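There are 4 protein chains.
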Amino acid sequence: MDKKRVVLAYSGGLDTSIILKWLKLEGYSVVAYIADVGQDDDFAEAERRAKTIGADSVHVCDLQRELVTDYVFPALAGGAIYEGRYLLGTSLARPIIAKRQVEIAFEEGAGCVGHGATGKGNDQVRFELAYAALGPRLEIVAPWKMPKFLEQFQGRRDMIHFAEEHGIEIPVTLEKSFSTDENIMHKSYESGVLEDPMHAPDKDMFTVCVDPTDAPDKVTTIEIEFKDALPIRVKNLEDGHEETDPLALFTYLNEIGGKNGVGRIDIVENRFVGIKSRGVYETPGGTILHVALRDLEGIAMDKEVKRLRDVLAPEYAAIIYNGFWFSPEMEFLSGALKQSQKLIDGVVRLQLYKGNATPVGRYSPSSLYNEELSSMDVAGGFDQTDSRGFIRINSLRLKAHRLIVRTQGQDES
Amino acid sequence: MDKKRVVLAYSGGLDTSIILKWLKLEGYSVVAYIADVGQDDDFAEAERRAKTIGADSVHVCDLQRELVTDYVFPALAGGAIYEGRYLLGTSLARPIIAKRQVEIAFEEGAGCVGHGATGKGNDQVRFELAYAALGPRLEIVAPWKMPKFLEQFQGRRDMIHFAEEHGIEIPVTLEKSFSTDENIMHKSYESGVLEDPMHAPDKDMFTVCVDPTDAPDKVTTIEIEFKDALPIRVKNLEDGHEETDPLALFTYLNEIGGKNGVGRIDIVENRFVGIKSRGVYETPGGTILHVALRDLEGIAMDKEVKRLRDVLAPEYAAIIYNGFWFSPEMEFLSGALKQSQKLIDGVVRLQLYKGNATPVGRYSPSSLYNEELSSMDVAGGFDQTDSRGFIRINSLRLKAHRLIVRTQGQDES
Amino acid sequence: MDKKRVVLAYSGGLDTSIILKWLKLEGYSVVAYIADVGQDDDFAEAERRAKTIGADSVHVCDLQRELVTDYVFPALAGGAIYEGRYLLGTSLARPIIAKRQVEIAFEEGAGCVGHGATGKGNDQVRFELAYAALGPRLEIVAPWKMPKFLEQFQGRRDMIHFAEEHGIEIPVTLEKSFSTDENIMHKSYESGVLEDPMHAPDKDMFTVCVDPTDAPDKVTTIEIEFKDALPIRVKNLEDGHEETDPLALFTYLNEIGGKNGVGRIDIVENRFVGIKSRGVYETPGGTILHVALRDLEGIAMDKEVKRLRDVLAPEYAAIIYNGFWFSPEMEFLSGALKQSQKLIDGVVRLQLYKGNATPVGRYSPSSLYNEELSSMDVAGGFDQTDSRGFIRINSLRLKAHRLIVRTQGQDES
Amino acid sequence: MDKKRVVLAYSGGLDTSIILKWLKLEGYSVVAYIADVGQDDDFAEAERRAKTIGADSVHVCDLQRELVTDYVFPALAGGAIYEGRYLLGTSLARPIIAKRQVEIAFEEGAGCVGHGATGKGNDQVRFELAYAALGPRLEIVAPWKMPKFLEQFQGRRDMIHFAEEHGIEIPVTLEKSFSTDENIMHKSYESGVLEDPMHAPDKDMFTVCVDPTDAPDKVTTIEIEFKDALPIRVKNLEDGHEETDPLALFTYLNEIGGKNGVGRIDIVENRFVGIKSRGVYETPGGTILHVALRDLEGIAMDKEVKRLRDVLAPEYAAIIYNGFWFSPEMEFLSGALKQSQKLIDGVVRLQLYKGNATPVGRYSPSSLYNEELSSMDVAGGFDQTDSRGFIRINSLRLKAHRLIVRTQGQDES
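Quick note, the sequences are listed as chains A, B, C and D, same order.
The opening residue of the first sequence carries number 189 in the numbering used here; numbering runs sequentially from there.
The opening residue of the second sequence carries number 189 in the numbering used here; numbering runs sequentially from there.
The opening residue of the third sequence carries number 189 in the numbering used here; numbering runs sequentially from there.
The opening residue of the fourth sequence carries number 189 in the numbering used here; numbering runs sequentially from there.
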C-alpha cells in the first residue's frame, strides 16, 4: 500500500483539476477516478483533462445501474425522505462513489483517497464516513480542510492564478450564481443567490423539469407495478409505452416526470454539520415512485408494520443523509425494512399533471384490503357489536383518568 | 341525572331522524343536538325536523371558530398527518362535537349521550372515547351496535318503511353512490362505488375543490405569517387581499385553495378497528397550512427538535385519528409540541397553481438560518478544519466495526 | 373440519375440568390438550382425569425445549422487558401453547379451539390472537366470555355444585389466597390477597427462589458464554459445573439463580385490556441471562444500533405482552433484532449473591471495545485535537439557539 | 469583556493547578472557580492553593442543593438511565458546574472559560456544550486539546517537573491505579486497571457503598413519598427516622443505601466521542429513587403515557449523557416529561438488603389502579364479554395477514 498514492474523485471541473495538480506537486502519485452517476458531463473530455494535468492513471466508472438498483430503489422502498421532504438524491450517490473509489484504492495499491468537497457541506462527511467504513486504514486527503491548501487558495482569484500558472484549462462555462450537483436521481441547486431563502429561483435555472406552468395541459396517466416494493414495470396509459428494465424504467419516469413538472422542491434543511442550508431539488422519477409506493403501502402494508416503519423512517432518512449508508445501524434498520417490503406487490395508477403526481387507483394481489370488510352496507366478517367491547375496553383507562383528575381537584367538570 | 334522557347528535338526515323517533318509542326523553362544524347544512330546517319528530329540546351549536382555533390549528402546528397523508379533517371535528354534547348532557341532566355512527367506522370510536373521557359516568346509546335496533333495521328498506310509518320526512336528495362527511376543514368521500380502490372518483363528485385541470392558468402567490406556529395573517399578493382573524383566514385559505385545486387526496387508510378503508378527501386550507408550516420549520425549528418531533408525529396523528384527543397521552405529547412551536415565527410565500401549493420563499425573525454560516464562499463563524475532527470522531465506530467484521471473517474486503 | 369438535387447553384443574364437561354437555366432541411448558404438574394424572370426565382424546405435549430455544432465548436476546421490569414469562408460553393447539386442531379435524382463561386477563388475548393468526378460520370457544356459561357459573359455589353433580374430582389442594401460573421461565402470583398493592407477599408464598435473606452467605461466580446473543455455555466457577445444552443450561440457571434468591419482582403492570394489575414474579434464569446480555451488549454492540434497539425495545416487549407474537409487526422487528444480535459473542462473568446478579467482567472476541482507544494515558488512534472540531460543530446550533432566544427577548442572560 | 481573562474550573488537584499556572504564564488573568457538588474535597485548602499559584480571584460555590433539586431529581423523575444502566451521576453535575462558571464569567467580565478535562472523554463535551449554550460568545480554553500545551506536557513526568519548577505542591496522595469523579449523586471509577473489562475491581477501591457481602444481615425497610414524581419524604420504618428537606432526604438515602450496599454497577458504556469505556459507579440514593419511581409509575402513570415516555427515555438519557442539558431538544422533551409527572403521587415501600432495593408495597391517592377492576373474582365495572369484541377486532388484521400469506404461497399451514 503506497502511502503517497491517492485515488482522487475527479470531476473534470476547475476545483478537482487544481487539486489533482496540487497533489502531484505535493509528491503524490494520483489516480483520477471519474464516477458516472448520471450527471450531464463529458466523461471522455474529463479523462483527457486528467491525463493532461498529470494523473498517473484514470478510471472512468459507469455506476448508473448499480446506483438505481442498490441505492435509489431500496431507499424509496424504505420511505427515506429527509425531514419529510428531501428524497436524498445527492446522499444516495455519495456512498456508491466512495465504495468504488475504495475498491480502486485496493486495486491500485493506493494508501489514500481524496475528494474536493468543501469543509462546510454534507458531502465531505458522506465521502469520508464511507471511506472509513469500507477502508478503515486508508488515509483521507481532503484539501479543503488542509491548512496548507487553504492558505494557498484563499479565494477564487488564487485558483484561477494557479490554473493559469500550471496550464490548467479553465472551463469556459459562465460563472453560475449558484452551484449544482447532478445524478440520475436528481439535480440540486444551492448557494450563491439561493442563500437568501426568500429569493425564489429563476425559472431558467432548472434543467431537469419543466416549470409546471409550462407543462402539457393534458393529464398523463401511468401505471407502475411493484414486486416487494421494487418497481418492475411502468406503463404509459396514453401511448402504451412500457419499460421493465430498472435503469430504463427509472430513466423513463424521469423523462415523463420532468415533462410534467413533477418533483421540484425548494426547502431549508439541516445539514449534519449543524448548519441550515437552502436547497432546491428536481427529482422527477424518484418523486413519482415515492408517491406510488406510499400509496401501495396503504393497501398492502399491515397497519402496525406501517406505524413502526413510520416511526423509524426519520431515523432511516437521517442515516442516509448524514452519510452512514455503510454502518451497523443501516444494517439494523435494513433488516426490518426488508421484512416490511415483502408482499408490497401490485399496481398503482397515477395522473401526472403540471407538477402533480396523484394516485387515482391501486390494486394489490396481496392486499389486506377487503371490500366486503370495509363496506358500510355489508356486514361481511365484521360483527358491528364487537366494536362495543373494543371501545369500552379502550375507554377504561380514559374513564379512570378523568375520575382521578376530578378527585384530585384538577378538573371542574 | 336522568337515566332515560339522552342527548343525541342529530344531523337532520334520515338515519338520525329514525334514531330520534326510535329512542322516543323506547321511552327516552331526547335532546336533539345539532353541531355546526361548517358543513353545508340547513340548521334551521334540521331543528324544525327534530322538533316535528318529537325531540324534547333542541340545541344548535356553532362550533366553527373553536374547531379552527382549538383543534385544527394545533393539529397542523404539531404536524399531525395520519399515515403520512391524511390531515385528519373528520377526526378533528369529532372531539369538539362530543365535548359540547357532554356539556349539554350535564346542563340538561341527561344520563345518556347517543350518536348514529355505524359499528364499523372510526367515528363511533372517536365519539365514544371522547364521551368516556369527558363524561365517564354517562351511558352511551349507539343504536347501530344495539342488537334490538339492528334486528329491526336490517336494510335500507326497513328504514324507509319505519320513516313512512312514523311520518318522518325522507330527504329528497338523490341517493348518492358514496357517503360524505363535511366540516370547515375538509370534506370526505367514502364507501359505495369508492370501495373499489381502483375506481377513480368521478370529477363531479367533488364540491370543495375544482379539478386541477379546471383551475386558473395563472399562479396565485400568497404569503402566510405565523406566530408560534399559528397562522396570524394571510395575504394574497395578486390582489392584496388580507385576513387576520383565525376563522376568516382559514375560510379564505379554503376558498383560494379550492379555487386552485389544492388539497385533494385519494388513499387507502387503516381504520382503528383493523379494517382498511378507501377515502377521498378535500382539505384546501389545511393542506396549504400544512405545507407552509413544514416549510417554516425548515428555517426556524432546531434540527434535533425536528428529529424528535418527527419521530413522535406518527404517534400524534394516530392519537387523533383513533379518537384519543382527550387523553393523558395527548396531554403528554402536547407538552412537548407546544415547546417546539415557540419561535416558529415568520412568513412563508407560496404559489398556488392547479393542485400545487409550493413554497418559494420564507423568512423568520427567529431563524436559526444564517446566510453567512451556510454560504460556501464566506467562512464566517464556521472553521472548515473543525469538520475534520467532527468526521474523524464520527468515523471511529465505523472503522472499529469494519475491522471486527473482517476479523470475524464475515467480510472479504 | 368438524364445527362441533373442540381442542381444549386443559390443565387438570377444576376450571378446565368443568369446562370440559360443560362442552361435552353442549354437544361438543372434546380433544383435551395438555401442554407441558415446565409447570410443576402431574401430567399423567391430568390425562387420566380428562379421560374420566369424557375427553374424546387427549394430547400431552412436552413443549419445554421449544419454549426455551424459540421463545425465551430470542426474547431475552432482543431485550424484551415489559414496562422496563417484567421479563414476560407467561407471555412467552402462551403463543407456543396456542401454536401446538392449532396444529392439533388441524390434525384432529377440529373446527374449534378453546381455553379456560377469564375475560379480564391478558391470557385470553394472547391465546385468541395466536389462534387468529395461525388458524384464522377456527372458531374460538371461550366459556368465560359466553353469556350462557357465565349465567350458569356465577360463583365458586356453582362450580363446586356442578363438579359434585357430574362426579368431577375437586382437587384437595388448599384454597390458595392468590392464583399462580408457572412455566420453565417463571412463576407468577396474582389476585386474591395480592390485589392490595401495599400488601407484601408472605415469604412462604414463593416456591421458585429462596428469599434473599435465606440465600447462601457466599458469592457464587458463574460465567455465561454467548454466540449471536444466545447462551451456549454456563460454567459455575465455584465447582466447575458446566452446561451447554439449551434446556439443561437454562434449567441450571434457574436452579442456581433460585438458590441465590435472584429474579423476584413485585410490580403493578398495565394489562392490554386497560386494567392495572399487581403481579409478583420469580424468573431466576431469565433474570441472569437478561443481565448478562445487556452487559455483553455494552462491550459488543454498536452504539447507534443499541440506541435504535433501545427505542424499539418497549414496542417489542409490548408486542409480546399483548399477545402479538405471531404478527407482521413481530416479523418486522425480528428482522432488525436478528441483525443486531450478530457478533454479540463472548463471555460474561457474574456474581450471584442474595438476590443480586452482578456482572463483574466481560470479554468479547468481536468487541468494539479497544483498551488502547479508551485509555486516558495512551493516545492510540484517537487524536485528542479531533474533539475540538467535534464539539465546535455540535455547538453550532446551540449557540444559534441562544442568540435567537436572546434576540427575541425570551432570555435575560 | 476581557479576552485574556479566563474563569477556570479548578479542583485543587495537580492537573488544574498546572493549568492555572500555565495560563498565567500565557498571559491570562485567571479566576479560579471551585464548584462544590458534594465531592469529598477540602475546599478551603483548594482555595488557598489557587491563591498561592497565582489566581487573580477565587470563587468557591456550593452547588449541592441546586444540583439535587434542579438536576438530579428531574432526571430521576424522567427516568433518565443511559443505555438502560447508568444513572448519569457525572453527566448531571457537569451542566450545573458550567452554568455557574458562565455566570462568573459574566460577573467578572471574563471573555474565556476553561477546564482541565482531557480530549478523549465525555466531560470536555459536556462542559463545552454547556458553555456554548449559555455563553455563546465566550472563548473556550481547553489546554488538553491545545497543541502547545500537549507538546509541553507529554507525560506525567513533564507535569511533575513543571510543578516542581513553579513551586506547585504535588498532592501526597498515593498514585491511584484508576481515576475517580465524585459528587453528591455518585462516585465513578475508570481507566487504569479498570480498562481491562474482565478485571473485577478490588473491594477496597469503593468508598461510597459497602460491599453487599459486608452489609447488615437484616433488612432495612423504608418508605418514600412522592409528589409529582419528586421525593418529599423518606422514612426509615426500622427506627422512625424521617427526612423531608430535598438535600437532607437525598443525603440520607445515600447513607442508608450505601450502608446496605445498594447502587453499585460495573459496565462498559458508549461515550459520545465514539469510544467504548468501562466505568464502575456507586449511586446509592439515586438508585433507590430510580427503583421507587419506576414502581410508583406502575400504579400511578397512564399506560399509554408510560409507553410513549419509555420510547423517549433512551433519547432523554442520551441528551443528558452527551452534554445537551441546555438545548432546545431538552426543552422539548421536558415539556412532555413534566406533563407525565403530574399525579405521580404516593408512597413506595422498599426493602434495602445487601445490594438490593426491592419495592414491596406502593400506594397512590391518584392511582389508576382499582382493586375492583383488576380483581379476578369481582366483575366490578368490567364486563368480561367486552373482551370478546376487543379481541375479535384486534384479530382482524392478523387473520387477513395469514390468509394472504397462505394465498401467496409463503406459508404451508
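Just so you know, the hints here were simulated from the structure itself, not pulled from any lab data.
Since this is a predicted model, take the numbers as computed values, not measurements.
Don't take every hint at face value.
The list makes no distinction among identical chains, and a pair is therefore deemed to hold if it is satisfied within one copy or across any two copies.
Stated by the list, open to error - The calculated lysine-lysine pairs, modelled on PhoX-like cross-linking and capped at a C-alpha distance of 25 Å, are: (1) K415 x K530; (2) K447 x K406; (3) K406 x K391; (4) K530 x K423; (5) K447 x K336; (6) K423 x K391; (7) K423 x K447; (8) K212 x K192; (9) K336 x K191; (10) K587 x K191; (11) K587 x K530; (12) K587 x K423; (13) K406 x K239; (14) K530 x K209; (15) K391 x K530; (16) K530 x K364; (17) K336 x K530; (18) K587 x K192.
Numbers of unmet hints, in rising order = The structure breaks hints 5, 12, 13, 14, 15, 16 and 17; every other hint is satisfied.
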